[in-house]
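Engineer: Heads up: the sequence lines are chains X and U, in that order.
Going by this note's numbering, the first residue of the first sequence is number 1, and it counts up by one from there.
Going by this note's numbering, the first residue of the second sequence is number 1, and it counts up by one from there.
One thing to keep in mind: the hints can contain errors.
Unchecked claim - Incomplete in silico selection of chain X near chain U, CB under 10 angstroms:
#1 Gly270
#2 Gly363
#3 Tyr393
To be verified - The calculated lysine to aspartate or glutamate pairs, modelled on EDC-like cross-linking and capped at a C-alpha distance of 16 angstroms, are:
#4 X:Lys143 <-> X:Glu278
#5 U:Lys41 <-> X:Glu278
#6 X:Lys235 <-> X:Asp81
#7 X:Lys502 <-> X:Asp431
#8 U:Lys41 <-> X:Asp292
#9 X:Lys497 <-> X:Glu529
To be verified - According to the in silico footprint, chain U covers these stretches of chain X (three or more CB under 8 angstroms from chain U):
#10 258-265
#11 498-507
Hint data in this document are derived by calculation from the structure and do not stem from the laboratory.
We treat Cβ as the ideally placed atom computed from N, Cα and C, and that holds for glycine.
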Amino acid sequence: MSIAADPQTRTVALIGNPNTGKSTVFGALSGVQQRVGNYPGVTVEKKTGRMTVDGKRWTLIDLPGTYSLAPRSLDEMVAVDVMLGRRPDTPKPDVILCIVDANNLERNLYLVSQVLELGRPTVVALTMTDLAEERGTTLDLSKLRDRLGVPIVPIRAHKRIGLDALKTALAETATQEQPSSAPESPFPEPFQAEVARIEGWLADARPGLPPLPRYLVERLLLDTNGYLEGHVALKNGNVEGLHAEILASRQRLAEAGCPVPAVEAMARYGWAATMLDEVVTRPDEPRVTSGDRVDRVLTHRVWGTLIFVAVMAMIFQAVFTWAIPLMDLIDAGVGGLATLVEGVMAEGALRSLIIDGVIAGVGGVIVFLPQIFILFFFLGILEDCGYLARAAYLMDRLMTRLGLSGKSFIPLLSSFACAIPGVMATRVIEDRRDRMTTILVAPLMSCSARLPVYTLLIAAFIPPVALAGFVSLQAITMVAMYAVGVITAAGVAWALKKTAFKGPTPPFVMELPAYKWPSPRVVLHRMFERGWSFIRRAGTIIFAVSIVMWALLYFPRLPESTEAAFTQQIAALEAQREAAAETEAAEEIDAQIAAVEARADGEQKRSSLLGRAGRVIEPVVRPLGWDWRIGAAAIASFPAREVVVATLGVIFDIGSDVEGEEGASRLQVALREAEHRDGRPLFTIPVALSVMVFFALCAQCVSTLAVIRRETNSWGWPLFCFAYMTILAYIAAMLVYQVGTWIAA
Amino acid sequence: MSRRLSELSLGESATVTQVDATGDVGLRALEMGVIPGTVVKLVAIAPLGDPLVFELRGYRLSLRRSEAAAIEVASLV
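For reference, chain X alone in the conformation it holds in the complex (with noise of 0.2 angstroms):
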């Protein structure tokens, strides 16, 4: 999705330090009109919004949140090249907008020293003033206006205080050409000369071409790690003897006393504290806001730690127990309006589409809603004040155990709701190794779609006996299943970090923000942004899968003589219930019908090409306790693993109306009953724990994977995501059933 470059359309681009308030800018300037995407080729989010200034359209482009503007790997090139227009599916900004933090100046001055090198016309918005005035801290703003030489406009977004005087800038900037003068480098001179040369001696390795802008030069100059020079070598074929160059320079710069790349901080923090002297005053006794007696709390050792705990357990509960109400309704609703069509519609395959296929594909998801809602209005709130990075930072010491940092946490915490959310709240890690092992082991993480599984199988088949006098079995079943899923993603995670992902321990620098009350404009915001990209995204293939899981069960249909034999039976008890003159009879014949209509069900579903690919898959999952039946649930469930319940029902004769108490218990009934064709009983305890065991590793999760593959930009990914979690549940299935049957024999 490229943005058309039309004439009469301006473009700005924003950037800014992470925790400036960049979101809260954004999303006041944009209002709702925002579309969300991935640049090609990187995993980098591409968010564009529109907005209008004195009738002409703009279009904004929001950059990832950054301290500083080094290209050190393909995605941080990307904010680089949108802002100097070397992007060819981003128009060329007219405007930079650089969002700074009142209270953190001299570093976010290091940000807009280097967007000031880029040449390009730009705006600085100054966020959190507010704050900054509870610590007494007084700024001359014309004066530092005057030094960078470019509008310098206080907001305060969420009040939405000063956004028009900063549209009205933005419009005066766009229509002035380029900088008059460049401005002055706060590089020192030996550091200028050495660029210089390395511009000439680009210009002759590479005649014809453009040259490549002053600020890449600088780039590949300061940039040890060589991230550019293999970019510039990639694209511009004669540059050998370009490394040879770079490294001569870096040593007379050593020799000079401007060592690469410490030389970049040196001078632009002397270059800050030159813009800053005399422009910031703070009181001589610094003032204590209420965000840092907060603080001191929240970061205590003893009750830093019981406040996260609580806070965690809080979130936890509101997910699973708020939810239920509004879950209850979603799902009333589905089955209303599943009612409504079959009412309506004449019987046959297209009602059966809509009914077994949409209706009840797509309603399985989207009566997750409720919960996705409530951790995002959560963790939107712990977002927005700043607490995330102090969860982050509590839990760094565990999680570096298993070779993640704490940036993990939250997003596998999320994962327990559901890993959609939990995978796209990986965005938070820089590191892309951290990123990608957190990605890859979150589905491991028991997400609430497993509950109906755990809850059906655990109350069938675990017995409700107490263990030492207090503690019930069946609770410790459904902990072990969580379990389960938390010991295998730390092995997993583990092996991943010691094999594909391996290389140093990625550096924990990271702010802690100063505290803030949240901004329910943003909580909400962001919260049905989320919401709203879980049923975009989700909702589509779900939609997609759901129908032809229901044309594998629905085709093909039974003979026509099997077909005719289950109506004549209907329309004799029937008849029966016609002249039935009490009311018990007639609704013990009705219980009849409902019998026989189940058992034709079944006997379709047996059938289908489902049930016949169950039949050609039992002898793999025969090592696991399980029959064809079992296995054609499970090939039912790949899609969507709440599936699961609904189609053991319909192979089990009940019906797929196994919803509420009733069904659920004449489920649980039609399992303990099911048998072998031997005669042995079908389900016992391994069986159980086996086929629940499964459920809690394997991918059965069409969703997760699309959303991982939309992360990573690759197919590669959700494949590997897939593979691993199928065989690791099938092995870890096996292993329960077989050391159960021993245990048990």
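We have chain X; now place chain U onto it with these hints.
Structural biologist: Here is chain U on its own, set in the frame of chain X:
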């Protein structure tokens, strides 16, 4: 006498004298404003003893002990 940033006691401030910029940690620390001459104060230690929270330039920065060890500091007189 030169010490490491990781050796500060809770509540203690010191001046950065040198940052080992050969690794990723040093580079990130430099970008975040941990440069020679900066006054840094240790304000919190995580429950499990790691990571640490420092205050500098009016904001809070969390570093692991191993990372703080790459930064040399001099005690304030």
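Engineer: Now tell me, hint by hint, if it's right for this structure.
Structural biologist: Evaluated hints:
The beta carbon of Gly270 of chain X comes within 9 angstroms of a beta carbon in chain U, closer than 10 angstroms, and the hint placing it at the interface holds. Here the hint on Gly363 of chain X is broken, as its CB sits about 44 angstroms from the closest CB of chain U, past 10 angstroms. The beta carbon of Tyr393 of chain X is positioned within 10 angstroms of a beta carbon in chain U (closest approach about 5 angstroms), and the interface hint is therefore held. Restraint check for Lys143 of chain X and Glu278 of chain X: the C-alpha separation of about 8 angstroms stays at or below 16 angstroms, so the hint holds.
Between Lys41 of chain U and Glu278 of chain X the alpha-carbon distance is near 24 angstroms, which puts this suggested pair outside the 16 angstroms criterion. Our distance criterion of 16 angstroms between C-alpha atoms is met by Lys235 of chain X and Asp81 of chain X, whose separation comes to about 14 angstroms. Note on Lys502 of chain X and Asp431 of chain X: the hinted pairing holds, with a Cα-Cα distance of about 12 angstroms set against a maximum of 16 angstroms. A threshold of 16 angstroms between alpha carbons decides the hint, and for Lys41 of chain U with Asp292 of chain X the separation of about 14 angstroms falls inside it, so the pair holds.
For the suggested pair Lys497 of chain X and Glu529 of chain X, the alpha carbons sit about 32 angstroms apart, so the restraint of at most 16 angstroms is broken. Using a Cβ-Cβ cut-off of 8 angstroms, 5 residues of the segment 258-265 of chain X lie near chain U, which meets the minimum of three, so the contact claim holds. Coverage of the segment 498-507 of chain X by chain U holds. Counting CB-CB distances below 8 angstroms, 3 residues qualify, and the rule asks for three or more.
Figure legend: structure checked against the earlier numbered hints; hints not met, in rising order: 2, 5, 9.
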